[in-house]
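Here is how the chains run, residue by residue.
Protein chains: 2
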Amino acid sequence: MAFLRENQTLLSKIATSQQHGENSPYFDGWKAYDLDPFHLTENPNGVIQMGLAENQLSLDLIEKWIAKNPKSSICTKDGINQFRDIANFQDYHGLCEFRKAIAKFMGKVRGNRVAFDPDRIVMGGGATGTSESLMFCLADPADGFLVATPYYPAFDRDLRWRTGVQLVPIICNSSNDFKITEEALESAYENAIASNIKVKGLIIANPSNPLGTTMDKETLKTLLRFINEKNIHLVCDELYSATIFNTPEFVSISEVLQEMEHDPMNPINRELVHIIYSLSKDMGLPGFRVGILYSYNDHVVSSARKMSSFGLISSQTQHFLASILSDEDFVEGFLSESSKRLAKRHKIFTQGLENEGITCLASNAGLFVWMDLRRLLNKPTFDEEMELWRLIISDVKLNVSPGSSFHCVEPGWFRVCFANMDDQTVEIALKRIHVFIMKGRKNERATKRSKPFQKNLRLSFSSHLYDETTIMSPRIISPHSPFPQSPLVQART
Amino acid sequence: MAFLRENQTLLSKIATSQQHGENSPYFDGWKAYDLDPFHLTENPNGVIQMGLAENQLSLDLIEKWIAKNPKSSICTKDGINQFRDIANFQDYHGLCEFRKAIAKFMGKVRGNRVAFDPDRIVMGGGATGTSESLMFCLADPADGFLVATPYYPAFDRDLRWRTGVQLVPIICNSSNDFKITEEALESAYENAIASNIKVKGLIIANPSNPLGTTMDKETLKTLLRFINEKNIHLVCDELYSATIFNTPEFVSISEVLQEMEHDPMNPINRELVHIIYSLSKDMGLPGFRVGILYSYNDHVVSSARKMSSFGLISSQTQHFLASILSDEDFVEGFLSESSKRLAKRHKIFTQGLENEGITCLASNAGLFVWMDLRRLLNKPTFDEEMELWRLIISDVKLNVSPGSSFHCVEPGWFRVCFANMDDQTVEIALKRIHVFIMKGRKNERATKRSKPFQKNLRLSFSSHLYDETTIMSPRIISPHSPFPQSPLVQART
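The listed protein sequences derive, respectively, from chains D and B.
Taking full-length UniProt numbering, I'd label the letters of the first sequence as residues 1 to 493.
Taking full-length UniProt numbering, I'd label the letters of the second sequence as residues 1 to 493.
No wet-lab data here; the hints were simulated from the structure.
Predicted model only: the values in this text are computed from it and were never measured.
Warning: the hint list may mix true and false statements.
The list makes no distinction among identical chains, and a pair is therefore deemed to hold if it is satisfied within one copy or across any two copies.
Unchecked claim - Simulated pairs of lysine-lysine, DSS-like, Cα-Cα distance not exceeding 30 Å:
#, residue 1, residue 2
1, Lys31, Lys100
2, Lys198, Lys13
3, Lys340, Lys77
4, Lys340, Lys13
5, Lys13, Lys431
6, Lys64, Lys77
7, Lys340, Lys230
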């Protein structure tokens, strides 16, 4: 305690507070994975990482392109004549060809129905640094931003920690597939006002992380009318815009804004609208730290660009990305193939879950599913959710993320990532789930429901019994599962 | 005004204030260069950029290394088998081999007299982002940090803009070559207290930017005793530690701390000491955005590491740097050769200035000199300094940086960078200075001192008269200048 007091005097409130948001099961699950990471041959009984929204399915396409384009790197014999200029480049506008290529790529991802101006492309250190800078531009400490639940856990760190901005939840639930309603919006706004919070804006993620759903045009119109009426900002996180693998197609806020900004009856003030983008998800390059702010507000562009200096993208990386994104044939092929592969993986994974009686929220985008395990809880409480989550981590050895870490208001939902692994690992994950469900069913029969379902599971399911080799069998992931009547299916009907 | 008011309501105080520090002649000079950049063949009458502390003298050594080491890049056929792992790597600890290589490099730069622990290496988005994060860790808004003048202009942005920290100047002047004295330190501290500012620390740059000098061991000991007694932090910006080109050799705070932390009489609390580092200056790679915090305080390491997420270094870049810095033979050769080349360039440039009667503060480090033009001012005021500076930019077409932008308390000093250009450009810059001085001398004679020296210059010196080709002659940079009796020499005697 003396140490803590000493630190509180010596260090800042930011450093000594726990507002960084990392004391969440979302991050704890990562630590569990880090302690015992699964490897197909070297650690087949380890924890499988299904808590990381990474897109590894199409990196081979990028690798092939690189092999054919040695000039794209300043660290090759073919590209080295540009080393000097690029290694020295530190203008926080970013390389002109990089901004042009990003603007074009953003347009292409949105079906070229809308064009992006390279001069409005502002660089940042990943979506993390970019989102924080945008908050620094828009809000003073203690100002509030409405954010639809469930939302990305690290928003608490990215948007709030150092800026002092408050996040005010908009309550969404499963009754309408977690869609934002006008009532929920107004209610969140009123709650903020009642708590003396000055509301400066609304944040949405479209496609949604963790839901994997996209917003329809009508919802986006409602949001635009809402923020325009209140004269507050709309921040659209469109990080997953190229992960659409099914209908309906993606509608970007930029398209709806284009339609509505000149509406003679109720023109929308475009200066209130800002898009956060990145290549971490759509291209599968999180290590490259590409964050993009696209703002329709000149003053925000100018201020955020000054803030770029705190997290510029390495010029080596800018140069490489400018090269690859400027190859239009490659980009088109990549986007189409990536979408196909995500669709296939999503289908395999969700069908595998369905075979065990587990459903997910219907989705068309993202690198994850929003898995419904509500029926596995004895009571609809977050304590129960955490207990189930610990069981899944420790015994099933899958790092999935509990809904509570996404500020979901309904216990029993879990985000499960499916694109950061190879086919075999998915298969093993599904087999583990199968064994888990079977164990529960068996125990349930044995105890004749004398004890709650998951408590039984927890008592009987030991990692010592867990032997990957004995349960590795391809039949489990077949849609024609030999176990169609899992207890979950029974429980749901 | 209506627009401004509207913005002030809609945007943050940070975005609408002018605290970003970019409304300084330091940055204005860059803009002048950007509008009319010098090029040897394409724009020989353009502005020569001498306001940018870039180290371009040894990049050829890095280029040669790259050509021999194609595996160092994940974007080559030889290195591509690591593409997937590296492109996905986003752990904010940084690649283990990167941290190890950086720690070793920092030790080597300090003559291996002190060792650095890779686990204390914290990454950030350049020195800019790293310094800001450190401020967020150490101080609350309105807290103060003492900083020795003259200091790097962008400290106002990096340390102050978004953190709300106040910078309290420690007044240094030419009477003792701008050394920090105990009296100046105490006086700054007392001034802060009198202004109700809570002092949280002291910031120094060693080697100094803009002075190009290093601090002696006694001064560093004084600083350590001072901060230890006051129980405040010491932040040492050691960005230029490998640019030493002359005696005395560099002494890092880490060495002095090593000596003093176990002093039985007055042990120094190491938890108060933090080093900011980068590869932008020492390796000449500013585009790669490598910022490093080395803190002796565990809590700061932990908090700053969480903040790394706002400005991680691209994993592509981390991987490349880990490879090149792990090649110890290369590093040794590079450091030694880089130092020799800087020494040579410094000598050529300062001798060229001396030939025109212009002296600089004696220096042993850095990529610039601190040029003394006090005698060119009619009065020792900053208005006069600005007038002279505008003349140098517009007519001599050299972008140098006025001392006022470094918060220097004495008018008439200018920082002039000499390592961001090739030999020919240096030669041209010196010739322009020669013509400038000759013009002044001629006008002075013509008007028989009826008008002040620089006003004459300004009236008579027109860029239309400026023809690079006519003044290109190698004799000017010779130490045996045909013009030893320039008006400046006379004025000084």
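Requested in this report: Tell me, please, which holds for Lys198 and Lys13 at an alpha-carbon limit of 30 Å: within, between, both or neither?
Outcome: Cα proximity of Lys198 and Lys13: in one copy and across copies (22 Å, 14 Å).
Report task. Could you place Lys31 and Lys100 in one of the four classes (within, between, both, neither) given a Cα distance threshold of 30 Å? Result -> Result: close only across copies, 22 Å inter versus 39 Å intra.
Query raised in the report: From the Cα coordinates, with 30 Å as the cut-off, is the pair Lys340 and Lys77 best called within, between, both, or neither?
Result: For Lys340 and Lys77, only the inter-copy Cα distance (27 Å) is at most 30 Å; the intra-copy one is 35 Å.
Report task. With 30 Å as the alpha-carbon cut-off, assign the pair Lys13 and Lys431 to within, between, both or neither. Result -> neither (47 Å within a copy, 54 Å between copies)
Query - 30 Å Cα threshold - placement of Lys13 relative to Lys340 - result: neither (48 Å within a copy, 46 Å between copies)
Report task. Can you give me the call for Lys340 and Lys230, within, between, both or neither, at a CA distance of at most 30 Å? Result -> neither (41 Å within a copy, 63 Å between copies)
Report task. Check Lys64 against Lys77 for me: Cα-Cα at most 30 Å, and say if that holds within a copy, between copies, both or neither. Result -> both (18 Å within a copy, 9 Å between copies)
Hint compliance for this structure: hints 4, 5 and 7 are broken, all remaining hints hold.
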